[in-house]
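> Letter by letter, the chains look like this.
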Amino acid sequence: MSKPPKPAELLPGISYQPPAQGWMDLKPEFRPGTFCNAAQPKWMEWIGYPHVRSWKVTDDDWQLPPDWKETILEGLQDRLNRFRSLKLFFDICVRCGACADKCHFFLGTGDPKNMPVLRAELMRSVYRRYFKTAGRLLGEIAGARDLTEDVLKEWFYYLYQCTECRRCSLFCPYGIDMAEMTILGRELLSSVGINIEWTLASVAQCYDKGSHIGATPQAMKDMIDFFAEENERVTGIYTPVHYNRKGAEILFVAPSGDYFADPGTFTFMGYLLLFTYLDLDWTLSTYAGEGGNFGYFMSHEMGKRLNAKIYAEAKRLGVKWILGGECGHMWRIINQYMDTWNGPADFLEVPVSPITGTKFENAASTKMVHISEFTADLIHHGKLKLDPSRNAHIKLTFHDSCNTSRGMGIFEEPRYIIRNVVPEGNFVDMPPNTIRERTFCCGSGSGFNADEYLETRLRGGLPRANAVRHVHEKYGVNHLACICAIDRAVLPTLLNYWVPAVEVTGVSEMVGNALVFEGETERTTDLRDRPLLGFEEAEEGEEAE
Amino acid sequence: MDFCKRHFLVALVAVLGLVVVAYVGVKANLQVLFGVVAPYLAALLFIEGLIYRVFKWLRSPVPFRIPTTAGQHDSLPWIERTWEEKLDNPATTGHLVGRLALEVLAFRSLFRNLRSELLQDPDNPEGARLVHWSYKWLWLGAIAFHYAFLVVLLRHLRFFTEPVPGFVHLLDSADGFLQFFVPVVYISGLVLLAAATYLLARRLYNPALRYISLAADYFPLLLIITIAITGILMRYFYKTDIIAVKQLALGLVTFHPQVPPGISPLFYIHIFLVSVLFAYFPFSKLLHAPGVFLSPSRNLATNNRRVRHINPWNYPVKFHSYEEYEDRFREAMVEAEIPVEKMPPPEEEEEETPAPAAKAEKAPEEEEG
Numbered sequence: 000m001s002k003p004p005k006p007a008e009l010l011p012g013i014s015y016q017p018p019a020q021g022w023m024d025l026k027p028e029f030r031p032g033t034f035c036n037a038a039q040p041k042w043m044e045w046i047g048y049p050h051v052r053s054w055k056v057t058d059d060d061w062q063l064p065p066d067w068k069e070t071i072l073e074g075l076q077d078r079l080n081r082f083r084s085l086k087l088f089f090d091i092c093v094r095c096g097a098c099a100d101k102c103h104f105f106l107g108t109g110d111p112k113n114m115p116v117l118r119a120e121l122m123r124s125v126y127r128r129y130f131k132t133a134g135r136l137l138g139e140i141a142g143a144r145d146l147t148e149d150v151l152k153e154w155f156y157y158l159y160q161c162t163e164c165r166r167c168s169l170f171c172p173y174g175i176d177m178a179e180m181t182i183l184g185r186e187l188l189s190s191v192g193i194n195i196e197w198t199l200a201s202v203a204q205c206y207d208k209g210s211h212i213g214a215t216p217q218a219m220k221d222m223i224d225f226f227a228e229e230n231e232r233v234t235g236i237y238t239p240v241h242y243n244r245k246g247a248e249i250l251f252v253a254p255s256g257d258y259f260a261d262p263g264t265f266t267f268m269g270y271l272l273l274f275t276y277l278d279l280d281w282t283l284s285t286y287a288g289e290g291g292n293f294g295y296f297m298s299h300e301m302g303k304r305l306n307a308k309i310y311a312e313a314k315r316l317g318v319k320w321i322l323g324g325e326c327g328h329m330w331r332i333i334n335q336y337m338d339t340w341n342g343p344a345d346f347l348e349v350p351v352s353p354i355t356g357t358k359f360e361n362a363a364s365t366k367m368v369h370i371s372e373f374t375a376d377l378i379h380h381g382k383l384k385l386d387p388s389r390n391a392h393i394k395l396t397f398h399d400s401c402n403t404s405r406g407m408g409i410f411e412e413p414r415y416i417i418r419n420v421v422p423e424g425n426f427v428d429m430p431p432n433t434i435r436e437r438t439f440c441c442g443s444g445s446g447f448n449a450d451e452y453l454e455t456r457l458r459g460g461l462p463r464a465n466a467v468r469h470v471h472e473k474y475g476v477n478h479l480a481c482i483c484a485i486d487r488a489v490l491p492t493l494l495n496y497w498v499p500a501v502e503v504t505g506v507s508e509m510v511g512n513a514l515v516f517e518g519e520t521e522r523t524t525d526l527r528d529r530p531l532l533g534f535e536e537a538e539e540g541e542e543a544e
Numbered sequence: 000m001d002f003c004k005r006h007f008l009v010a011l012v013a014v015l016g017l018v019v020v021a022y023v024g025v026k027a028n029l030q031v032l033f034g035v036v037a038p039y040l041a042a043l044l045f046i047e048g049l050i051y052r053v054f055k056w057l058r059s060p061v062p063f064r065i066p067t068t069a070g071q072h073d074s075l076p077w078i079e080r081t082w083e084e085k086l087d088n089p090a091t092t093g094h095l096v097g098r099l100a101l102e103v104l105a106f107r108s109l110f111r112n113l114r115s116e117l118l119q120d121p122d123n124p125e126g127a128r129l130v131h132w133s134y135k136w137l138w139l140g141a142i143a144f145h146y147a148f149l150v151v152l153l154r155h156l157r158f159f160t161e162p163v164p165g166f167v168h169l170l171d172s173a174d175g176f177l178q179f180f181v182p183v184v185y186i187s188g189l190v191l192l193a194a195a196t197y198l199l200a201r202r203l204y205n206p207a208l209r210y211i212s213l214a215a216d217y218f219p220l221l222l223i224i225t226i227a228i229t230g231i232l233m234r235y236f237y238k239t240d241i242i243a244v245k246q247l248a249l250g251l252v253t254f255h256p257q258v259p260p261g262i263s264p265l266f267y268i269h270i271f272l273v274s275v276l277f278a279y280f281p282f283s284k285l286l287h288a289p290g291v292f293l294s295p296s297r298n299l300a301t302n303n304r305r306v307r308h309i310n311p312w313n314y315p316v317k318f319h320s321y322e323e324y325e326d327r328f329r330e331a332m333v334e335a336e337i338p339v340e341k342m343p344p345p346e347e348e349e350e351e352t353p354a355p356a357a358k359a360e361k362a363p364e365e366e367e368g
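Line by line, the protein sequences are chains A and B.
Those letters in the first sequence? Residues 0 to 544, per numbering that gives the first Met the number 0, in order.
Those letters in the second sequence? Residues 0 to 368, per numbering that gives the first Met the number 0, in order.
Simulated from the structure, these hints should not be mistaken for laboratory data.
It should be emphasised that the depicted structure is a prediction, and the values quoted were computed from it without experimental measurement.
Using N, Cα and C, we set each Cβ at its ideal position, and we do this for glycine too.
Treat the hints with care, since some could be wrong.
[As the list claims (entries may be wrong)] Each pair of labels, with its calculated beta carbon distance range:
hint, chain 1, residue 1, chain 2, residue 2, range
1, A, D280, B, A100, 44 to 54 Å
2, B, E116, A, P49, 38 to 48 Å
3, B, P206, A, R232, 53 to 63 Å
Given the sequences, and given the hints that come with them, work out the whole structure.
Listed below in structure tokens is the structure:
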């Protein structure tokens, strides 16, 4: 793995001046740290993907199938027929440039092809050449160019340099959404056997075993049972976990990131504390053990194949409704795709909170509620006894994840929860142009958590980190909360690089810290075993003993 | 010649070529071609082309409900939403209509525009920081351009109607309220020219924009600028026989075309360029006008979880069923006290389940969700 340059070396090297050479003549340079590795054959075999072969991105010959060009063009025609979005987004762009400096990858690399408009032109130019009369006749001067292997490599490089965050679509006067073109472009790449390792490994594992991390049912149970023990150790409260329990009222689906690695695990401890506090009738599933969906980062179809397990399992277990954990793209999918793909979920009931009686009418059809909606409703009805002073050592800001922001719009619920679980004055938002619908991506979404991709990830995360630095310096913010497991997995690395001393947490972890149980032992630490304000000396004293 | 220059020059030459063609044509007494045939042909191409293109879009379905949500969603009843949030994340048809109206009439999304820059900052250990500030110039240029164009178009109705409707007179006097010069100067014409020039200038002077611009971006701008210039020249400086022009225009709309004598070549250049613009419209990026109404990220209500969206080509997919899953992990699940559908037969209990290690496949430092 190549080591990324230091921040002080990287930042001054960024220039937004385009090069002298026209973009059609420039080829991407596959420099270590700036591309994702090609997927290994075994994953492709697991999920039945075509054109299995062993190849490297740095190879000159990508061993494309002999009819690759026909496959791509036929695939493009097929998608133009099936997606009005694609046709329209190809046709109506006026290249006004409003999207240009909205992309975090452009802001972090200065590469003009990371301006969404130009990233789209990479595909649009091929569309013009083969599907438009002007492009066929006039070629380059009509913005058209032949589909060559170099063009295909360029698609790979830049379509895997888009996190499908949709920030461009917010600012586009016609709502042209690069994410849509990226998704469909990646489908085309997959159709000729071009996939990336990190995503495809996760997809294959999830397809086969139930979660991206490839945990067997027993391994998943081991990990989560451990959180119950940790909760008991820290809070004195044992938090029972239920697996594949038939007849439970609620199926809880969380992203595997929350039970795999810190700091997501503390969020999971928070979920368990909340459910125990409420004496909720719930269950986890080891089969539908993944809320996230890396399949969606490969193709609509693969997304659907992975997502199908959630409703299937809800039906088998006979639950009434589904509760979803804190995850970004999982919620874009639940909100905008799941019901269409795998519904109707007519075997479920419109979700009703068993504690407050609130009927979640906004989820009347999908029958799935976000944990932040659920928790905010509890707090609003005064059902939780909370002690914000237990989060007094935390000065918090909140990162809106791209998917839940521009593919859903859940802004107030997490903030409402946060305001109730941290002391007044301990929560500050980042500057308005970098939050809510205008939020910046973590730089590693849509399947980019791979180590070999670190430099581009750090560059893509610059705008986010830059805003965190602002509140860190101005208000002493030392924690960043989010409702996304990819964020929790990648932001620690990003912040450690750009803004060391800011840690990443889930909103439910903050809830877990503040939740006051009857009969609990006096808490002297938070869920991470760090001393609470006022107990620093007690901790040290214990250590001395 | 580099990419940018080539694309600009091709567009410039094309527009100048059209001017020359019209001028030479009129000098060769082809008034009927430029004053009658071209406008009719353009109208035909415009209408048919527009219908054809829009239907071509409509033939492709909208498989998923993918609006870009730009404000707090409609979830818990006690979470208050401002009217802006309701329009930016429209859960009802009423709000959706509001969103589209705001988009079409006020260029809502463009109004949001920001400019991000990397500023030198000696206090920062890396020597620079990113700043994002509101940047409304593009919005202003675009909205001025479009509304001025609309007013100019409507004002031209006075050539095509007899008697001229009241609102055209009203528009006329409002547009000329400054009351200077003879004949009175219309603000809209100047604004149109200024805004189009601004839009062209930013393409030429902003390096990033120059980099992405194609001939197809310069051509309509140059065309419109030339149309505006010829119009202004005709009205204020090289006047033509206005009565004759009106006769020609009325002839066109009443389908009794005639070419009265005494109309200057400047007029034929003007009307020919307008004809080209209309004919070009359905085959170019100018289609963004009808397109914005059909954009799936803008024209769908955000009632995603409330009402099921149907994908007409939704097809069944192969997924890993629970039965297959349990068959594979049954023994291990039983051992881990995870409930199963079928208990394993007792004699198989001794067998080892081939369960690959859970985390062995991936780097342990980071994980996805």
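> That 44 to 54 Å hint for D280/A and A100/B (C-beta), does it hold up?
Check passed, 46 Å falls within 44 to 54 Å.
> Go ahead and decide if the range 53 to 63 Å is satisfied by the Cβ distance of P206/B to R232/A.
59 Å, holds
> For the hint 38 to 48 Å, verify it against the beta carbon of E116/B and that of P49/A.
45 Å, holds
Consistency note: the structure conflicts with none of the earlier hints.
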